[in-house]
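The two chains are supplied separately, each in an independent frame; assemble them into the complex guided by the hints.
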Amino acid sequence: MSKNTVELESCNVLFDFVLDAGESWIHDVRAGQTLRIVDLEGNQSADTLIYNANDPADRYSATDTIIAQRNIYLTTGSRLLSIEGNLLMTIVNDTCGRHDTIGGACSAESNTVRYSLDKKFMHSCRDSFLHAVVNCNCHLGKRDLTSNINFFMNVPVSENGDLNFADGLSGPGKYVDLRADMDVKVLISNCPQLNNPCNAYNPTPLRLMIW
Amino acid sequence: MSVKVLWEDSIPGGSHGSFIMKRDTILKVTDIVGNGNLVALFYNMDNKLERYNMADTLKAQHTFFLSKGNVCYSDMGRILCSIVDSSCTWHDTISGMSNTETITTKYGALNYQEARNDMHRNAQDSVLIELSKWGLDRRDLVANVNFFSKVTANAQGVLSFVSDNSKPGDFVELRFEMNVLVVLASSQHVLDPSPRYSPNPFALTSLKCSSAGPYDLCRNLCPENGRGFYNTELIFR
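So the protein sequences, as listed, match chains Z and B. Heads up: the first sequence at position 177 corresponds to 177 in this note's numbering, and the numbers run straight through without jumps. Heads up: the second sequence at position 100 corresponds to 1100 in this note's numbering, and the numbers run straight through without jumps.
No lab work stands behind these hints, which were simulated from the structure alone. Certain hints may be false.
What the hints assert, rightly or not - Okay, the calculated bits of chain Z under chain B, using three or more residues with CB under 8 Å as the criterion: (1) 57-67; (2) 70-83; (3) 99-108; (4) 113-120; (5) 134-147; (6) 163-176.
Treat the numbers as computed from the prediction; the structure is a model and nothing was measured. Positions of the beta carbon are idealized from the N, C-alpha and C atoms, including for glycine.
In isolation and in its complexed conformation, chain B is listed as follows (with noise of 0.2 Å):
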């Protein structure tokens, strides 16, 4: 099976980025340099008020975690992508994001003028900045996916954060089943331990792509994706 590569391009750590994904369409996503942390953001660009919602993908698969096989739900009752592969076998999406204070407070202040593009961005400015791009603010602000990073929570529902959860080279393929815009942040995970301000880049790469078929591992993952992937096929008949 030829693949048709639509475009290539990077993000370096600690930057931020948006754009829209056409359905049938693959967004991969390598971390290069391994144990990254990708904030992620989706819109159905033909109505932004449509977003993704976490609650509702974690409830629909009964996980606690995204990986090979989930489906990322809007609020909507649809899918907005599919993870179609994954080398990495959890990502997180109950942590949000970094804040000016958590930045701060772990890394410490530094401005442009001290550094250049070498600057302390925290993830919600630069989410904030990429929304008010496409006419959305705060209130269009959610709950957001981290790939690539993994926290598990104990009985008493106390939060760990796994580390070397993802190795250089390691990818994640996003199929997309809407017309989907897409906000990225490289910054690092609130609880990544780490004391250096060190976020990663990524590889993006976005490939033409067959639509989801009747055998495809995500809709057949369980009974709600198959009802999930029919309400989002009722928009493109």
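Chain Z extracted, bound-state conformation (with noise of 0.2 Å):
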């Protein structure tokens, strides 16, 4: 047994399963229940967005999160907030540290950009929420797919406004541990990236557990 679980041993686990890079899940958490998600090998993004689960329109902002803390940043304590301004999740554990919400989710298009024009049809974060949202029967599209939080990945801003991703902070084994505030719906893609050093061309499994 690795040793992130070891803490949950009297625990009820309700879930625990393992998401291969390239992969995605949509999954209800409810309120009081506890998502953790363990980068296992270490700095592999988490590309996530978390729906209000009776109203999926009512969503995660990354802006009204970022503004109502006053930080660009994600830790334990922060509230992670929907357009509304309800509290979607809570932030309660994290052996991270720093997590990443302005660095939004690689796509097809995107990758064309950023790297070069023969990327485009290497596979892509928004290509796997989009493969979730149209098998989940949950009347979720392309136009739900808003500005997302980028778990173990680091991307630093610097005071005169460069930004860029940096190396990562996160280590084999690192988790982070959401508590749900309200019934909500979670959107994970684990980052299939191959054109950025962030996880070194090398995407890993993550595990994700709830209880």
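Structure follows, in structure tokens:
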């Protein structure tokens, strides 16, 4: 048993799943439940969106979240707010220390801009998101894909306004715990990006647990 | 070079509006009073599923803010508009917009019955009203640009609002690279420390212009923008 499960042995884990790189996952998390995302091998981006389960148009808002906490990075104590100002989830544990929410998700189209035109047919997070939402029978689509959270990604901003994807602060086994403050739907793409050194060009699995 | 003015208009403080800007036209926005904030969102008029994307805009250009030479990317790897000129050196795009709660908490509620058109309006409701005129709704509400506002982040990520970022008469010129639905709300920035409800008016001028040439400032800002222009021009061939 890996060390990151030890402290959960006495808990009633409802769900325990390994999400391979390049795969997506959409799942309900009920109010009061906790979702743990484990970066099994380190510096792997968990691109995440959150929806109010009872009103999916009321969804995670990166801008409202960072303005409310006056800080661009997410960590323990960060309250993840919706566009209606509702509290969706709270980060209650974080062994990584800093997560990005302004860098967005990779897409076929943005890869052509960021890297080169011939990257258009590589797999991407937004294709993964779309694959999940068109198959979930939950009336979500491209319009519902907005600024997401990149758990375990480090996107530092300098005071003079430079922004770059930097080497990660995460490592094998680091995790983040998200407590649902209302019934939510969580959408995760385990990022398949092969053009960026932030994951050492090697996408790896994530472990997802709910209790 | 003669410049053909297509139309002129102004937007009072606390108001909202929406209109179409065609490819190869410029929208010049002037902050008449200074220290204004103009909330803006952009949608491809020919396919409104394609819209401004804050993250793609920032990471393609390795920047936390927008200024002369930067472009506004859609979520489809294309350029909605380019900042071909700006006397103001920092435009914010990470702060979102005010809503009922933020306006009421800071400035109190003031309704139409009491104040007529000086009532306290918030940017989110203003934008949603405009979006609905084009068949759009909450699902189309995304991170916006706050023209004329400056917000910095320190090494710990803590945000600071920088006052006096825009002088009276400061302007920004946006050249549209596709046919774009523009949604505007002249609403104070959410981090504006002023305790007074005092949204600013803006002058709007639409000009005819030529397409971005091979030596265009925005096209050549970074290799990413060269590819962004290529992707955009493909749909107009």
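Against the structure, test the hints numbered earlier, and report the numbers of the ones violated in rising order.
none
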